[in-house]
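Peer 1: As a plain string of letters, each chain reads:
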Amino acid sequence: MNEPLAHIIDDDEAIRDALNWLLRSRQVSTATWASAESFLAAWHEKFCGCLILDIRMPGMSGLELFDQLQGRRCLMPVIFLTGHGDIPLAVAALKKGAYDFLEKPFDDNDLVDRVIAALAQDSARRNHQIISADIAARLAQLSPREREVMEHILAGKYNKVIADEMRIAMRTVEVHRARIFEKMGVRSAVDLAQLLAELKSR
Amino acid sequence: MPFWDPDYLITSELQSEGPHVAALSRPGFESHLRHREGQSVHTMVHIAPLIDGDGTQFGWLSSVLDITEAKSLEEHARQQEEKLQFTARLVAMGEMASSLAHELNQPLAAISSYSTGCLNRIEQADMQQAELVDALQKICRQAQRAGAVIRRIYEFVRRSEPRQASCDLGEIIIDAAALFEGEARKRGVDIRLDVEAHLPQIMGDRVLLEQVLVNLIKNGIESMPGILEEFRVLHIMANTSGENSDQHLRVAISDRGSGIADNDASKIFLPFFTTKPEGMGMGLNICRSVIESHHGRLWYEPNPGGGSIFKLTLPLRAKRSP
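Chains X and Y supply the protein sequences, listed in that same order.
Numbers in the numbering used here are just positions in the first sequence, counted from 1, shifted up by 34.
Numbers in the numbering used here are just positions in the second sequence, counted from 1, shifted up by 15.
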């Protein structure tokens, strides 16, 4: 299940079905779960998208599920739906990293807006993860010597300066530079700096 | 006899003729006398024969006590009691109302989401009529669900007796259990019915009795998530017992769930007592009220094999309510 889905978890069948219809009416792909337990049993780290979670459910509550998922390093954004009087619970959940909460009764399209925003956040997170992994993989290909040269390049030094400082031939620096660009998949020192800045930025 | 209150004249005359036969055994009788200022006086009259040393009755001794005050105190106490019961009912209703508010919010929220979805789709070019029909039908169903909740509030608020009609408890049990077929399958619970064939009909309110069974079955099913699947059995037994005038129906609903802690067992029927984090603590309390309003009993026993047994009895010859 690698497709991003809005996972609706609610013990009330009608609520599940209605939210399902609502989200699909705005082209959001969904999956529905009748209990926190059933979601947790099916959960896999490849799951992506977001969760719409009823804070109170018989059996495992929404909050318990949230804790469990955090324990398993699930990073999907969670939107809690809370009843009257559950605001303190919801605020506590926000502090623990929940994406958002809506108090019932809520504006339905407002919920959809937030779900779409949560899906976008999750997708950006996954993209970044892919990019980071990719950059990390490229970096791993560099030899210790090449890494050293790269630091000098990133410091904005000319080949001649690098050659002097490293006490190697200028021609050798040129070879290193070409190999670094090739392994990192960039065409210039500026590209290289940008690529690495991206890795650090997140 | 100018002092007899004319409203009570007939009975008063009967009483005065009665002593020959009744006086010795009768502890006294209440009567209304008229005070010379016109108001009615509630009295207790004792009459005893006067017998001389030879054993011959030579007259009657009659004492008349004014019990107006005692009577009005009694009346006052009765009214207080009635008021108290009414207040208790209002308190229970308040609790009931907040739990019903939740039950009512569910269908309303569903209706809201279905309708918003319809409005969203109507604006889109690829909208299909069939999908709207489907959603609109679901809206109707949820509106009816909300209506049913409101009806239940009415049923509860009505101070009258449960609606009495002849009903088949076996059928009610089977219907209530059928409601949980899906839920039981999902939770891996095996519901076993052991209902005696041709149970005699009882007089009662079918809706309320079914609600009781639904509640008890739901509790049973929900008590067993942590139990090995082979033990997840909810056993519902119904039969007749007792003889003639004391004949009654017996129902036992036993689960093999987590059971009830000893020090909780005495409290589970109290209002607001619950062991469920999201419970209102009204379910069993209402169940018991319903069974008692049918002159029956509902109680809990620990299941010797682990878990709980809820037992109820309903008399076949419903006594007239006081």
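Source of the hints: derived by calculation from the structure; they are not laboratory data.
Don't take each hint at face value.
[Claimed, not checked] Listed below are the simulated BS3-like cross-link pairs for lysine-lysine, each with C-alpha atoms no more than 27 Å apart in a straight line:
1. X:130 to Y:282
2. X:130 to X:234
3. Y:233 to Y:291
4. X:130 to X:80
5. Y:153 to Y:86
6. X:138 to Y:233
7. Y:326 to Y:291
8. Y:282 to Y:233
9. Y:326 to Y:282
10. X:138 to Y:326
11. X:191 to X:234
12. Y:282 to Y:153
13. Y:326 to Y:233
14. X:129 to Y:201
15. X:194 to X:217
16. Y:282 to X:138
17. X:80 to Y:201
18. Y:201 to Y:282
[Stated by the list, open to error] Pairwise CB distance ranges (calculated):
19. Y:179 to X:101: 28 to 34 Å
20. Y:207 to X:131: 43 to 49 Å
21. Y:200 to X:151: 36 to 42 Å
22. Y:314 to X:58: 47 to 53 Å
[As the list claims (entries may be wrong)] Computed list of chain X residues with no C-beta within reach of chain Y, every gap over 12 Å:
23. 51
24. 55
25. 57
26. 58
27. 59
28. 155
29. 163
30. 177
All residues carry an ideal CB built from backbone N, CA and C; glycine is no exception.
Peer 1: Failing hints, ascending?
Peer 2: Hint check: 1, 5, 10, 12, 14, 16, 18, 19, 23, 24, 25, 26, 27 fail, others pass.
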